[in-house]
Amino acid sequence: MKQCSAQVRELEEVREGFYYLALEEPYLAATALPGQFLHLRVTTTFDPLLRRPFSVAGTSPQTGIVRLFFRRLGTGTKLLSCLRRGDPLDCLGPLGSPFMPAGKSPAVLLAGGTGIAPLLFLAEKLGGTGDEVYLFYGAATAASLLPVERFLPSGPRLFYVTADGSAGETGLLTDAFRRALEKGLVPGELFACGPRPFLAILAEENRRWGYPLQVSLEENMACGLGACQGCAVLLQKDGKRTYARVCREGPVFCDAEVVW
Amino acid sequence: MKQCSAQVRELEEVREGFYYLALEEPYLAATALPGQFLHLRVTTTFDPLLRRPFSVAGTSPQTGIVRLFFRRLGTGTKLLSCLRRGDPLDCLGPLGSPFMPAGKSPAVLLAGGTGIAPLLFLAEKLGGTGDEVYLFYGAATAASLLPVERFLPSGPRLFYVTADGSAGETGLLTDAFRRALEKGLVPGELFACGPRPFLAILAEENRRWGYPLQVSLEENMACGLGACQGCAVLLQKDGKRTYARVCREGPVFCDAEVVW
Amino acid sequence: MPSLKVKLGLLELESPLLTASGTFGFGEEYAPLMAMEGLGALITKTITLEPRLGNPSPRMVETPAGMLNAIGLQNPGLENFIKIELPRLHSWTVPLIVSIAGETEEEYVTLARALEGQSGIAALELNLSCPNVKKGGILFGMDAALLESLVGMVRAAWSGPLIAKLTPNVTAIEELARAAARGGAQIISAINTLRGMVIDITARRPLLGNLAGGLSGPAIRPVAVKMVYDIYAATSMPVIGVGGIMNTDDALQFVLAGAAAVAVGTANFVEPRTIPRIAAGLREYLAENGLHSLQELVGAAHNSGQRTEDS
Amino acid sequence: MPSLKVKLGLLELESPLLTASGTFGFGEEYAPLMAMEGLGALITKTITLEPRLGNPSPRMVETPAGMLNAIGLQNPGLENFIKIELPRLHSWTVPLIVSIAGETEEEYVTLARALEGQSGIAALELNLSCPNVKKGGILFGMDAALLESLVGMVRAAWSGPLIAKLTPNVTAIEELARAAARGGAQIISAINTLRGMVIDITARRPLLGNLAGGLSGPAIRPVAVKMVYDIYAATSMPVIGVGGIMNTDDALQFVLAGAAAVAVGTANFVEPRTIPRIAAGLREYLAENGLHSLQELVGAAHNSGQRTEDS
Ligand SMILES: Cc1cc2nc3c(=O)[nH]c(=O)nc-3n(C[C@H](O)[C@H](O)[C@H](O)COP(=O)(O)OP(=O)(O)OC[C@H]3O[C@@H](n4cnc5c(N)ncnc54)[C@H](O)[C@@H]3O)c2cc1C
Ligand SMILES: Cc1cc2nc3c(=O)[nH]c(=O)nc-3n(C[C@H](O)[C@H](O)[C@H](O)COP(=O)(O)OP(=O)(O)OC[C@H]3O[C@@H](n4cnc5c(N)ncnc54)[C@H](O)[C@@H]3O)c2cc1C
Ligand SMILES: Cc1cc2nc3c(=O)[nH]c(=O)nc-3n(C[C@H](O)[C@H](O)[C@H](O)COP(=O)(O)O)c2cc1C
Ligand SMILES: Cc1cc2nc3c(=O)[nH]c(=O)nc-3n(C[C@H](O)[C@H](O)[C@H](O)COP(=O)(O)O)c2cc1C
Ligand code: FES
Ligand code: FES
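So the sequences go chain by chain: A, B, C and D. Heads up, the first sequence is in this note's numbering, so the first residue is 1382 and it goes up one at a time. Heads up, the second sequence is in this note's numbering, so the first residue is 1382 and it goes up one at a time. Heads up, the third sequence is in this note's numbering, so the first residue is 568 and it goes up one at a time. Heads up, the fourth sequence is in this note's numbering, so the first residue is 568 and it goes up one at a time.
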């Protein structure tokens, strides 16, 4: 983990309000693992004050490129969206504990919204064929689905799910996944990232299913380094409750240890 | 006076740290007078929070262009220096009370540093030949003198003064002016803008000379409109002390009424 | 269209959006820029018995997401206010709230009595961030007993709605709000500025002519919201929330914390159209959420079970 | 090269730059990022007698030029601190200041006594922003008598330098500083966070799990500078200035106001290299101004004739 100045190589609004950002920084490209994140300083003034965390969505160690996807939500992401090619960007990273695939095939990846970012990276790293990796990717409408194929030319079998049916299957991501299970899909292990309510439902259902499930969580962050205890999430381990830090012990947790 | 959204037409670093900014806004271009200023919102975040005042340095009513010069000092001017052609800029203006030339020839304009901005505009408006308008323009070194001829092709007789002698006469602006008086210059009226110590010396000397002298002052500003009383400057009128607002009664004051 | 009408005790306003004292001049400065749309009442800058010259310059300096000011209550004094400013202010067709301050109880009472005789004043706001010269300069708003007695004396001289504007520079603002209630104030205005200082590192002295000043702007918003929340929990008085309100979301935070109305201060300097914009924003929020009136939201953030502890 | 050495009473440090309690963890998080260059001492996060789980999430939210936190003093407790953290902390070759807090006087005393027995602790800092459970939850730092007696009791149990860290949520912080002096503290640390709240306008409830929290960062800097200025004027104790220090200029403001040393908190989160950068900046400032030591500047802003008045 290091503090480094990355250079903006590409910034593209791939869908309205959704951006693809390619940074050049050899150290980050060489060391980042799926599930880890970068903590970005989006301005040099004091509003917004704090860094912003973004999952690494892919790397090209040969060219020193790190890829991110972000959604323009508030002040920080708005500033990011105004960056230009060649601009420097102050990054801390890679931070956090990555996904830990056990190699049980097939791996099923469940991505809700911008939760796609770390799972794209994971799919890339898992490699393998469409029989070994499944990616379920849900969003509200087709307009907010990122063009995943562009960034992941080969690899997982891809299922789009939209709430309004404007692309792929209609309904919730969890519904689509449940239907796939009913149709005979037998996951080796699950990896999920997305809105907390989605993850909570998944974890709830998984108490019956019992698949190995790793989830990536979000919390407001200050330091991103484990120093401030600001990003705490409540865990239950051996019947005892403790707080863990999303930026350090997380963002990836085992579903069973999270108090949902 | 209005709040308007001007468009950046040109932004050029004419000297290291000194910028020329051309804005397109027909109303401002049609109404601004020399000595008046615009109050610019330099960011949409809350740091920096307040608007920044800049003197109008010239207008082209036909094309709707307003010209400013600014020096990059702190956060606000740094943000301004990053604007791009076509960007919108939120302006309040024109604000303040302008210079009031009485038409006494020759008019002598004394500009220290960025104090050149309103005096360029005044020179432009006064028109006239080099015998009627004199402009003394002082700075620390040649490197911080703006290329005035570029923006004022014809008009005043121009005297550069630099502290280190790297351009024009060597020494202080007030020294150069005093030498000109000794050589026989007889001003009809004086207009000055620049650092407060320079204006104070000038006003002090003018107690002997007794020329009509209008000075343009600066104070930290919040509203720029006369509402907050934040930009007060102490005046003495008929033996009574009162505070006047630089943004409303000023920025132009008569030298004799200012408590220096 | 959802209604922005509010009732602060006897004070009924078409909109909950007021101008904070001292930040809107006597109104005429903003007149050319602002349609009156959305303005519920105008709070004047504080007036005193005698004219005040104000503090030496510099009187203000910017700070991160805030500003520090020490104007020193520059104002024309009671007599000129009544003669010159009051008639001008009546050209604004919104209710007028006059802010007053004194160095002694008697000065407040004299001001209140003189204004009682004037027509067209909807309410009086007591600026309590003023040193009591008879008590060694302690602010009226810093001592509960002093505050209660002052409010009681003004109450006897002024028959209309009475607003006590509290200073945040105290250990427990809710105690001061209770004291104001006991004294007979019907409305609380919170907060005034936080004490602060900026040092000029070149001159190596405090930057403001007055050395210290009052901090305002978005920087202080979380402090103000907490104080409004505490006052709402501790008293049954309507509260005017003030402190760092820049936009609709900020105004909603205050309303949910317990403010029946809000006053906009520093934001007027940054964006003169803040009040009309918030008015539109509030209407939109109400419509989107199927609410008929902002009043339904006042204090709604108190309906969660947990206790507030210090961190 | 100009010297950054400082003496805070008996506490001698190579540099005036400290880490503010709770913002540097137990140091190991920053170790990979930070050369130790410029760090004068490390103040640990506050430890309590028993382990503390901390507050429910969310525990922090950003505010304009600041942040609000309610961590709830999550810490491993005295025993684990001594067994696990203290040996690790000794790998930092800078002096170590341990911050402690309790819910009763006795807890503070027990902590002090246990730490008195440990080697390698340069000073103790009393976090006084803690509710006294026996006195209805009033903070130790809010009542002069309570504070004086607490400091006195700890003084008897701890023989080294004793720092009282004051809360800014009081009417007159200089009174509390005087009380700490009477109790036997030799150094004042000021300030801790300002009470604040953010309302989640979607959920219509306070955003933090703990409802309220403490405001830190550049937003509060002017408030902190003023309090350091006031404490310097009122007592002869060395002061550690804390609150919104982001860069060299900010640190100089505190020094000129009267701080003999400064602690950096929130800035560590934004820019981990803040302390080494300020150290370099201070050296440069001293060299440019022909000064030999930072000590020459401590309190220099007090040398102007004017009085501080409230605005
Ligand atoms: C480990 C981790 C990884 C992440 N990875 C990604 C990623 O890969 N891609 C991505 O797009 N995002 C990611 N995020 C989320 C991302 O960090 C945030 O979206 C980003 O920080 C938002 O910053 P902002 O300044 O734009 O928004 P902010 O201004 O911080 O606001 C965020 C949202 O909160 C709302 N809000 C603010 N104040 C209030 C209030 N008082 N009441 C109610 N609502 C309020 C705003 O309206 C806005 O919708 C990740 C987060 C974590 C923790
Ligand atoms: C009526 C009027 C007209 C003007 N016209 C022009 C013009 O035409 N062109 C022009 O260039 N300027 C003009 N100015 C000045 C201009 O407004 C300022 O230069 C500008 O606002 C600076 O903004 P900033 O954010 O860049 O600097 P800021 O960040 O506000 O800082 C300004 C300066 O103050 C210093 N400073 C900040 N804090 C401290 C501290 N604690 N101790 C010591 N020093 C400190 C900074 O280092 C910096 O040098 C005018 C001003 C007025 C009032
Ligand atoms: C320049 C200025 C002048 C002020 N003058 C007064 C005043 O005369 N009387 C008063 O009660 N409050 C005064 N205040 C305080 C404001 O009314 C308000 O309480 C405070 O600024 C917080 O609100 P804000 O953050 O929205 O500005 C003044 C504030 C500023 C910034
Ligand atoms: C996340 C966080 C945790 C903190 N924890 C403590 C603590 O445990 N003990 C303490 O005395 N102060 C604590 N503080 C207060 C800081 O030490 C400091 O006094 C305050 O943040 C102001 O300084 P700053 O603006 O530089 O952060 C904490 C502050 C923050 C932001
Ligand atoms: S963000 Fe500071 S500990 Fe995680
Ligand atoms: S800046 Fe507000 S009165 Fe001049």
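Please note: incorrect hints may appear among the correct ones.
[To be verified] Here are the simulated DSSO-like pairs of lysine-lysine, each with C-alpha atoms no more than 30 angstroms apart in a straight line: (1) 701/C with 1621/B; (2) 650/C with 1618/B; (3) 1459/A with 1621/B; (4) 1564/A with 1485/A; (5) 1621/A with 572/D.
[To be verified] Covered, in the sense of this in silico footprint (three residues per stretch, anywhere, with C-beta under 8 angstroms from a C-beta of chain C), are these stretches of chain B: (6) 1410–1417; (7) 1552–1558.
[Claimed, not checked] Sample of chain B residues at the chain A side, in silico, Cβ under 8 angstroms: (8) 1441; (9) 1443; (10) 1540.
Please keep in mind that the hints were generated in silico from the structure rather than gathered at the bench. The C-beta atom is built at its ideal place from N, Cα and C for all residues, glycine as well.
Here is what the structure says about each hint:
1. 701/C with 1621/B: The given pair, whose Cα atoms are some 29 angstroms apart, holds under the 30 angstroms limit.
2. 650/C with 1618/B: holds, 23 angstroms
3. 1459/A with 1621/B: violated, 53 angstroms
4. 1564/A with 1485/A: Given that 30 angstroms is the threshold and the Cα spacing comes to 20 angstroms, the pair holds.
5. 1621/A with 572/D: violated, 47 angstroms
6. 1410–1417: violated (count 0)
7. 1552–1558: With 0 residues in contact (Cβ-Cβ under 8 angstroms with chain C), the coverage given for the stretch 1552–1558 of chain B is violated.
8. 1441: violated, 30 angstroms
9. 1443: violated, 33 angstroms
10. 1540: violated, 40 angstroms
Going through the hint list in order, the structure does not satisfy hints 3, 5, 6, 7, 8, 9 and 10.
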